[in-house]
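Turn these sequences into a full structure, and let the hints guide you.
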Amino acid sequence: MSKNRLAVSLPGLELKNPIIPASGCFGFGQEYAKYYDLDVLG
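Numbering-wise (my numbering), the sequence shown opens with residue 1098 and increments by one.
No lab work stands behind these hints: they were computed from the structure. Glycine included, C-beta positions come from ideal geometry on N, C-alpha and C. It is possible that some hints are incorrect.
25 angstroms max Cα-Cα, derived DMTMM-like pairs, lysine to aspartate or glutamate [said to hold, decoys possible]:
| # | residue 1 | residue 2 |
| --- | --- | --- |
| 1 | K1113 | E1128 |
| 2 | K1100 | E1128 |
| 3 | K1100 | D1136 |
| 4 | K1100 | D1134 |
| 5 | K1100 | E1111 |
| 6 | K1113 | D1134 |
Simulated DEER-style distance windows between Cβ atoms [said to hold, decoys possible]:
| # | residue 1 | residue 2 | range |
| --- | --- | --- | --- |
| 7 | Y1133 | P1108 | 25 to 31 angstroms |
| 8 | Y1132 | P1108 | 31 to 37 angstroms |
| 9 | Y1132 | R1102 | 21 to 27 angstroms |
| 10 | K1131 | P1108 | 35 to 41 angstroms |
| 11 | R1102 | F1125 | 25 to 31 angstroms |
| 12 | V1137 | L1107 | 15 to 21 angstroms |
What follows is the structure in structure tokens.
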């Protein structure tokens, strides 16, 4: 299996995936759970 190439390392923060949903456009995210696996979002 290949290494995750999207991983981002910031001082004090390690993100597996740099894509982070914003609350203004994403709400609490539960509405999108049936369309997208929320566990893969950073």
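Which numbered hints does this structure break? Violated hint (a single one): 2; every other hint is consistent with the structure.
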